[in-house]
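With the hints as your guide, set chain B onto chain A.
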Amino acid sequence: MKRIDKKADVVIVGGGVNGCSLAYQLAKRNLKVVLCEKSFLCSGSTGRCGAGIRQQWSTRENAELAINSIKIFEKLEKELGQDIGLRQGGYLIIVHDEADMKQANKNVAMQKSLGLDVSILTPDEILNIVPILDIKGMHAVGATFCPTDGHVDPFKTTYAYAHEAISHGAKLYKFTEVQGIKKNNGKIDSVQTSNGKITTDLVINAAGAWSKQIAEMIDVKLPNKPFRKEILVTERVKPVFEAMVISFKDGIYFSQQEEGQILGGIPIPNEKPGYFTVPTFDFLHHMSKTLVRYAPALKYVNVIRQWTGYYDITPDARPIIGEVERVKGFIQCNGFSGHGFMLSPMVTKILTEYIVDGKTPQILNSLNLSRFKGKKITREVSVVG
Amino acid sequence: MGDKIFICRCEDLTQEEIEKAIDEGYTTLEELKCRLRLGMGPCQGRGCLLLARRLICQKTGKSTDEISIPSSRPPIIPVSLGLLASDKDEKNR
Numbered sequence: 001m002k003r004i005d006k007k008a009d010v011v012i013v014g015g016g017v018n019g020c021s022l023a024y025q026l027a028k029r030n031l032k033v034v035l036c037e038k039s040f041l042c043s044g045s046t047g048r049c050g051a052g053i054r055q056q057w058s059t060r061e062n063a064e065l066a067i068n069s070i071k072i073f074e075k076l077e078k079e080l081g082q083d084i085g086l087r088q089g090g091y092l093i094i095v096h097d098e099a100d101m102k103q104a105n106k107n108v109a110m111q112k113s114l115g116l117d118v119s120i121l122t123p124d125e126i127l128n129i130v131p132i133l134d135i136k137g138m139h140a141v142g143a144t145f146c147p148t149d150g151h152v153d154p155f156k157t158t159y160a161y162a163h164e165a166i167s168h169g170a171k172l173y174k175f176t177e178v179q180g181i182k183k184n185n186g187k188i189d190s191v192q193t194s195n196g197k198i199t200t201d202l203v204i205n206a207a208g209a210w211s212k213q214i215a216e217m218i219d220v221k222l223p224n225k226p227f228r229k230e231i232l233v234t235e236r237v238k239p240v241f242e243a244m245v246i247s248f249k250d251g252i253y254f255s256q257q258e259e260g261q262i263l264g265g266i267p268i269p270n271e272k273p274g275y276f277t278v279p280t281f282d283f284l285h286h287m288s289k290t291l292v293r294y295a296p297a298l299k300y301v302n303v304i305r306q307w308t309g310y311y312d313i314t315p316d317a318r319p320i321i322g323e324v325e326r327v328k329g330f331i332q333c334n335g336f337s338g339h340g341f342m343l344s345p346m347v348t349k350i351l352t353e354y355i356v357d358g359k360t361p362q363i364l365n366s367l368n369l370s371r372f373k374g375k376k377i378t379r380e381v382s383v384v385g
Numbered sequence: 001m002g003d004k005i006f007i008c009r010c011e012d013l014t015q016e017e018i019e020k021a022i023d024e025g026y027t028t029l030e031e032l033k034c035r036l037r038l039g040m041g042p043c044q045g046r047g048c049l050l051l052a053r054r055l056i057c058q059k060t061g062k063s064t065d066e067i068s069i070p071s072s073r074p075p076i077i078p079v080s081l082g083l084l085a086s087d088k089d090e091k092n093r
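Protein chains in written order, with my numbering: chain A, 1 to 385; chain B, 1 to 93.
Bound-form chain A, shown alone:
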């Protein structure tokens, strides 16, 4: 293997969508970028995710991040010169009871104030969007729907970013593990990898579920916990709906991909944090049972595969973004809690502008690691999977 570069302006740890997007944007701004990925690009959460992109959030901050991210996704194919598999079939969020509806009304009012096209649907209107749903089976009293939510292909997107990053001079090293990070006088000094040492002033920790371990190398404690999440996919059947159907109460999400397969997930009952990778029968049963309750016609469709991936979960289900107070040059881009793919365009744009232009928008303060130090935090409640 080629020996790694001895010096870099910035070392990115992690070859998921966030790492590759940062590599592209920073290299485009003429920084000397080295990215280290311990396995192959997309091997972690990015390549295992449900691939939905959604703007319907309960916190204003997440909604803004997501709305701006989708604006970037809409132009990304042209910018990167490659298909990224964008399909905007909307997100249909099922509302189950009065309390649910109260929260939905609140969310929709906030989202509308940000200019989002989102509405509250009656049960009849739900069936116009996804005809195979069973209103009674879902215990639905209504739904919220945003037509510009949708789906993007994580593999295509990440590989397109990687390709463009390399064209702009970034060095992407796969199968290269970060083994240690050194600091000097409270500043980043160098990164030790399985393929040599790199001297640098900046390290971006975009290692997903392994971010906590990367931060520990330099005595920074992250509150993130890895949770195993499972997904199943069926054989391809005739396309009958385009929206992603989700429920915060049941935790389920599912959609039909462009090629026809139904893909979805649900939390495993009583799952504990940890690095578990074995797929469970509990999930398969619970997911199938809930999915067939939502859409009875699907009971004849065959499941061909189930797999696991991690959510890197923070105490408030919001990501940790920006430079840590204690070590100059150590930048976090993790803790996405299951939403790293859909928020990546905006988050990586904000970090790029911080690193290159020194811009510090309010959101960087609000998503900084320091927020967990004894202050009151607002938890994102619109979470599935």
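In short, the hints are calculated from the structure, not lab data.
Taking CB as the label site, the calculated pair distances span:
hint: 1; chain 1: B; residue 1: Gly25; chain 2: A; residue 2: Lys112; range: 44 to 50 Å
hint: 2; chain 1: A; residue 1: Ser366; chain 2: B; residue 2: Thr64; range: 49 to 55 Å
hint: 3; chain 1: B; residue 1: Lys88; chain 2: A; residue 2: Tyr275; range: 30 to 36 Å
hint: 4; chain 1: A; residue 1: Ile72; chain 2: B; residue 2: Gly25; range: 21 to 27 Å
hint: 5; chain 1: A; residue 1: Arg60; chain 2: B; residue 2: Gly2; range: 55 to 61 Å
hint: 6; chain 1: A; residue 1: Gly137; chain 2: B; residue 2: Asp3; range: 49 to 55 Å
hint: 7; chain 1: B; residue 1: Thr64; chain 2: A; residue 2: Glu325; range: 46 to 52 Å
hint: 8; chain 1: B; residue 1: Thr60; chain 2: A; residue 2: Lys272; range: 38 to 44 Å
hint: 9; chain 1: A; residue 1: Gly186; chain 2: B; residue 2: Arg54; range: 48 to 54 Å
hint: 10; chain 1: A; residue 1: Lys272; chain 2: B; residue 2: Leu83; range: 27 to 33 Å
hint: 11; chain 1: A; residue 1: Ser39; chain 2: B; residue 2: Leu83; range: 32 to 38 Å
hint: 12; chain 1: A; residue 1: Glu325; chain 2: B; residue 2: Gly25; range: 34 to 40 Å
The beta carbon of each residue, even a glycine, is placed where N, CA and C say it ideally should be.
Just chain B now, kept in the frame of chain A:
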């Protein structure tokens, strides 16, 4: 008969397409899977993964034992959602 050689029949992938991806730097089966959906159809790679591995070896000069086979994902054969959803003694197929 055409002269295309199909390696992954579920996802309609030819030898030429796979070799092109290997040339672009996708030199493990996991990466080919992500890039081309190799082995992601109903047969789950039974027919194609070993063939594709040979192509990687031919292109990169590596030996077969250096190229790992992607994780097997359950179920072994396709199973209907109705069957998976059913409880004990319940007929829900």
